[in-house]
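There are 2 protein chains.
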Amino acid sequence: MKISISHSSQHVGKEVVIQGWVYNTRSSGKIVFLQLRDGSGFIQAIVASQAVAPEVFEAAQRATIESSVEITGTVSKHPKKEEYELQVSGVKLLGTSEEYPIGKKEHGPEFLFDNRDLYLRSQTPWAVLRIRDRVFFSIEQFFHEEGFVRFDTPIIQPTSCEDTTQLFTVDYYDEPNYLSQSGQLYSEAGIMGFGKVYDFGPVFRAEKSKTRHHLSELWMMDAEMAFHDQTMNMDVQERMVKRIVGDVLKYCAQELAILGRDTTILQRLVNEPFVHLKHHEAKRILKEEGLVSGVESYDDTYWQDDMSTEEEIALGNKYQLPVFIEDYPAAIKSFYMKKYTDEHGVLRARCADLIAPEEGREIIGGSQREESYDALKKEIVDRNYPLEEYEWYLNTRKYGTVTHSGFGIGLERTVRWLTGVHHIRETIAFPRTLNRSRP
Amino acid sequence: MKISISHSSQHVGKEVVIQGWVYNTRSSGKIVFLQLRDGSGFIQAIVASQAVAPEVFEAAQRATIESSVEITGTVSKHPKKEEYELQVSGVKLLGTSEEYPIGKKEHGPEFLFDNRDLYLRSQTPWAVLRIRDRVFFSIEQFFHEEGFVRFDTPIIQPTSCEDTTQLFTVDYYDEPNYLSQSGQLYSEAGIMGFGKVYDFGPVFRAEKSKTRHHLSELWMMDAEMAFHDQTMNMDVQERMVKRIVGDVLKYCAQELAILGRDTTILQRLVNEPFVHLKHHEAKRILKEEGLVSGVESYDDTYWQDDMSTEEEIALGNKYQLPVFIEDYPAAIKSFYMKKYTDEHGVLRARCADLIAPEEGREIIGGSQREESYDALKKEIVDRNYPLEEYEWYLNTRKYGTVTHSGFGIGLERTVRWLTGVHHIRETIAFPRTLNRSRP
Numbered sequence: 192m193k194i195s196i197s198h199s200s201q202h203v204g205k206e207v208v209i210q211g212w213v214y215n216t217r218s219s220g221k222i223v224f225l226q227l228r229d230g231s232g233f234i235q236a237i238v239a240s241q242a243v244a245p246e247v248f249e250a251a252q253r254a255t256i257e258s259s260v261e262i263t264g265t266v267s268k269h270p271k272k273e274e275y276e277l278q279v280s281g282v283k284l285l286g287t288s289e290e291y292p293i294g295k296k297e298h299g300p301e302f303l304f305d306n307r308d309l310y311l312r313s314q315t316p317w318a319v320l321r322i323r324d325r326v327f328f329s330i331e332q333f334f335h336e337e338g339f340v341r342f343d344t345p346i347i348q349p350t351s352c353e354d355t356t357q358l359f360t361v362d363y364y365d366e367p368n369y370l371s372q373s374g375q376l377y378s379e380a381g382i383m384g385f386g387k388v389y390d391f392g393p394v395f396r397a398e399k400s401k402t403r404h405h406l407s408e409l410w411m412m413d414a415e416m417a418f419h420d421q422t423m424n425m426d427v428q429e430r431m432v433k434r435i436v437g438d439v440l441k442y443c444a445q446e447l448a449i450l451g452r453d454t455t456i457l458q459r460l461v462n463e464p465f466v467h468l469k470h471h472e473a474k475r476i477l478k479e480e481g482l483v484s485g486v487e488s489y490d491d492t493y494w495q496d497d498m499s500t501e502e503e504i505a506l507g508n509k510y511q512l513p514v515f516i517e518d519y520p521a522a523i524k525s526f527y528m529k530k531y532t533d534e535h536g537v538l539r540a541r542c543a544d545l546i547a548p549e550e551g552r553e554i555i556g557g558s559q560r561e562e563s564y565d566a567l568k569k570e571i572v573d574r575n576y577p578l579e580e581y582e583w584y585l586n587t588r589k590y591g592t593v594t595h596s597g598f599g600i601g602l603e604r605t606v607r608w609l610t611g612v613h614h615i616r617e618t619i620a621f622p623r624t625l626n627r628s629r630p
Numbered sequence: 192m193k194i195s196i197s198h199s200s201q202h203v204g205k206e207v208v209i210q211g212w213v214y215n216t217r218s219s220g221k222i223v224f225l226q227l228r229d230g231s232g233f234i235q236a237i238v239a240s241q242a243v244a245p246e247v248f249e250a251a252q253r254a255t256i257e258s259s260v261e262i263t264g265t266v267s268k269h270p271k272k273e274e275y276e277l278q279v280s281g282v283k284l285l286g287t288s289e290e291y292p293i294g295k296k297e298h299g300p301e302f303l304f305d306n307r308d309l310y311l312r313s314q315t316p317w318a319v320l321r322i323r324d325r326v327f328f329s330i331e332q333f334f335h336e337e338g339f340v341r342f343d344t345p346i347i348q349p350t351s352c353e354d355t356t357q358l359f360t361v362d363y364y365d366e367p368n369y370l371s372q373s374g375q376l377y378s379e380a381g382i383m384g385f386g387k388v389y390d391f392g393p394v395f396r397a398e399k400s401k402t403r404h405h406l407s408e409l410w411m412m413d414a415e416m417a418f419h420d421q422t423m424n425m426d427v428q429e430r431m432v433k434r435i436v437g438d439v440l441k442y443c444a445q446e447l448a449i450l451g452r453d454t455t456i457l458q459r460l461v462n463e464p465f466v467h468l469k470h471h472e473a474k475r476i477l478k479e480e481g482l483v484s485g486v487e488s489y490d491d492t493y494w495q496d497d498m499s500t501e502e503e504i505a506l507g508n509k510y511q512l513p514v515f516i517e518d519y520p521a522a523i524k525s526f527y528m529k530k531y532t533d534e535h536g537v538l539r540a541r542c543a544d545l546i547a548p549e550e551g552r553e554i555i556g557g558s559q560r561e562e563s564y565d566a567l568k569k570e571i572v573d574r575n576y577p578l579e580e581y582e583w584y585l586n587t588r589k590y591g592t593v594t595h596s597g598f599g600i601g602l603e604r605t606v607r608w609l610t611g612v613h614h615i616r617e618t619i620a621f622p623r624t625l626n627r628s629r630p
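Line by line, the protein sequences give chains A and B. The numbering used here applies: residue 192 is where the first sequence begins, and numbers increase by one. The numbering used here applies: residue 192 is where the second sequence begins, and numbers increase by one.
Some hints could be false.
It does not matter which identical chain is meant; a pair holds if it fits inside one copy or across any two.
[Claimed, not checked] Below are the DSS-like pairs computed for lysine-lysine, each with C-alpha atoms no more than 27 Å apart in a straight line: (1) 399 / 272; (2) 221 / 530; (3) 441 / 399; (4) 283 / 530; (5) 441 / 569; (6) 272 / 469; (7) 205 / 221; (8) 205 / 530; (9) 283 / 205.
Simulated from the structure, these hints should not be mistaken for lab results.
Excised from the complex, chain A in its bound form (with noise of 0.2 Å):
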């Protein structure tokens, strides 16, 4: 019976056929020892010359490192492990692999990524990829469940949303048009007739740094709704971030292991609530228990400031917990933002950021959104931003406008920070960046 590796806890004891390829293999002479693997896990098939046929042993000498075979044999379990071997019967080399060009020795990540068709059978990638197909499920089934509708919002746009220096230009029938940063305006069109919709697909940002965080094409997800205020919104945020860390804890234990990620803090953020700090309020605690080096001085630019990643990774090293960071100064934030004055007289923005521990950084970003049609549109003059191109936009204040937030998150950061992986191109299968858009 043909069984998936995944599959081997249930048939103990039962001939089974396994199809895969040869990951690793040894031989003391009377037995070849064929670390396989099929995709859905591993296991390692013990070929003894006494038990089989010389031609199968001779096979399963020939079976180099990425061959494709396909294997019979007895499934038994590890006297004390969770862990299967199979007790070969037969051996069939498929495809052949000479001179498999990744080995056991250190390659740079340069030269791993040129192959990254072949790095991809590796167990890292293995493991930090089908953790993103499980972020990617779990966040699908919580919109579902929540009642939101997918909506797919157009990759190809006629302007930007904000700023265009980051923008890559599409010739669409000899016109300019760009490839989307967000597609968030759109979905604000759709909750006008869906109430609650949500958006997963590429964006893309052309930005020319190369820093370990920065994709040129990564996977966003967008959630909109109506009838929404600020509060409401960080309520979905917190209970969307549970519920994919707790799918992954549940359904990746064995990925997790293979990438050796201690997931005490990933445990605990389940069920502890998260934390919220107000943008001032987390400035001055940076600044009086001296979280940050090498700050110049205190001056208003400090307080109007963005998060350094700096910053953001010792807010999160502090609490151990993810931290929402509200109402940034208005300046420094988006058009559509809702605004209003706090106490010391200063624009805020009714946004939060939710930075990661264990230096996740910022993975959410979200606002309340301004529902009023004359200060949207004020807005979108003062920032001298092409007033034609935003009428449709302006239309959902237009007509019937509501009280709404909505919030993105990137799929990449998100996945780094679960992983623990280092660099963010390990989260995704073809990464494009400044120098790279191959294979």
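Let chain A serve as the given structure and place chain B on it in line with the hints.
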């Protein structure tokens, strides 16, 4: 208590609060009838002047089409139908709406799609895009239950899979790159690590044809499976289509009713085996039964040709079930398909297109892939494709090649079939076509 309209049946006899929009209104002098929608469903709110304070009745009278409102009332059930009403005690006008442009009179499609942001509030788009949501989620669930891993292939690609005339060019940091037409070749690399993968995202076709079947930006689901031959491939497809249709019938009864969709054939196909015809056999039946008019001659061209739109529709009409058309002449199919020579000496591909009945036309294309390194390399060279761009792809056959197959299903084509709408632009939130990339 604040509820969604879709939950009305659980609150009969109770006072609830509903937030939404007025999509229609009429008055008999002493009673105002407000037709409400909130994205989850539709309900009629009855405001009787004798039952409410004068200012509440006045607010109801001022609630124009597409005003946003908060209505308090008691849910009652229609004595005979599965319909619910609200006996109103309170009306709060939230956002006004003056001269809403989409009225009860007929609008042409150009007007509706110029105002797609508003047209999305109408009942047809509501029903169609909720069915799209259901199809999407059923596909996600199906593949996860079957042990596939989601594998997001890159949108920005340095080369084309095949035909370069239909590519959109993107300026990628001053280098020309292309928007993905298909992620299939990447998915073939993916199965070498993950066994079974699927890829569900936007793809782009710069088709200069203006028909009701074509979009420039569309969503495709591509599945790829190691150790699957073409028979196993078609079996997965049939089970997936049955799952999708079964779920749409189960979860989208209201949407199908709004669209006036006759579901007789959909209900039938969930339980009946799909039809299988070889390409040659299909052509013979079309000829012998005279199913297609205007065929000039039944010469070699006829027997070697692709299926025309008319032929696809004729076969769907004849069988009233999905039809697999198998084993097209290799010459008109893609380079990566596995080939064989039939009993008449014709080189054929081990492939199948799945034709949906009721003018649904081709919704799936799939094939077994050529697994021989030499045969595949020869095909690339013979077709004058740039060999150096396919080196990484050939690695899938160089290191442990395996029998494998895959298929792609077009989301919009499937939704068009299931909803019965005339033009494919209805099946996506913001369609992109030869003439349109706005709003």
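To see whether the hints hold, each was checked on the structure:
| no. | hint | in the structure |
| --- | --- | --- |
| 1 | 399 / 272 | neither (49 Å within a copy, 61 Å between copies) |
| 2 | 221 / 530 | neither (76 Å within a copy, 42 Å between copies) |
| 3 | 441 / 399 | neither (38 Å within a copy, 49 Å between copies) |
| 4 | 283 / 530 | between (68 Å within a copy, 24 Å between copies) |
| 5 | 441 / 569 | neither (49 Å within a copy, 47 Å between copies) |
| 6 | 272 / 469 | neither (48 Å within a copy, 52 Å between copies) |
| 7 | 205 / 221 | within (24 Å within a copy, 79 Å between copies) |
| 8 | 205 / 530 | neither (67 Å within a copy, 37 Å between copies) |
| 9 | 283 / 205 | within (19 Å within a copy, 69 Å between copies) |
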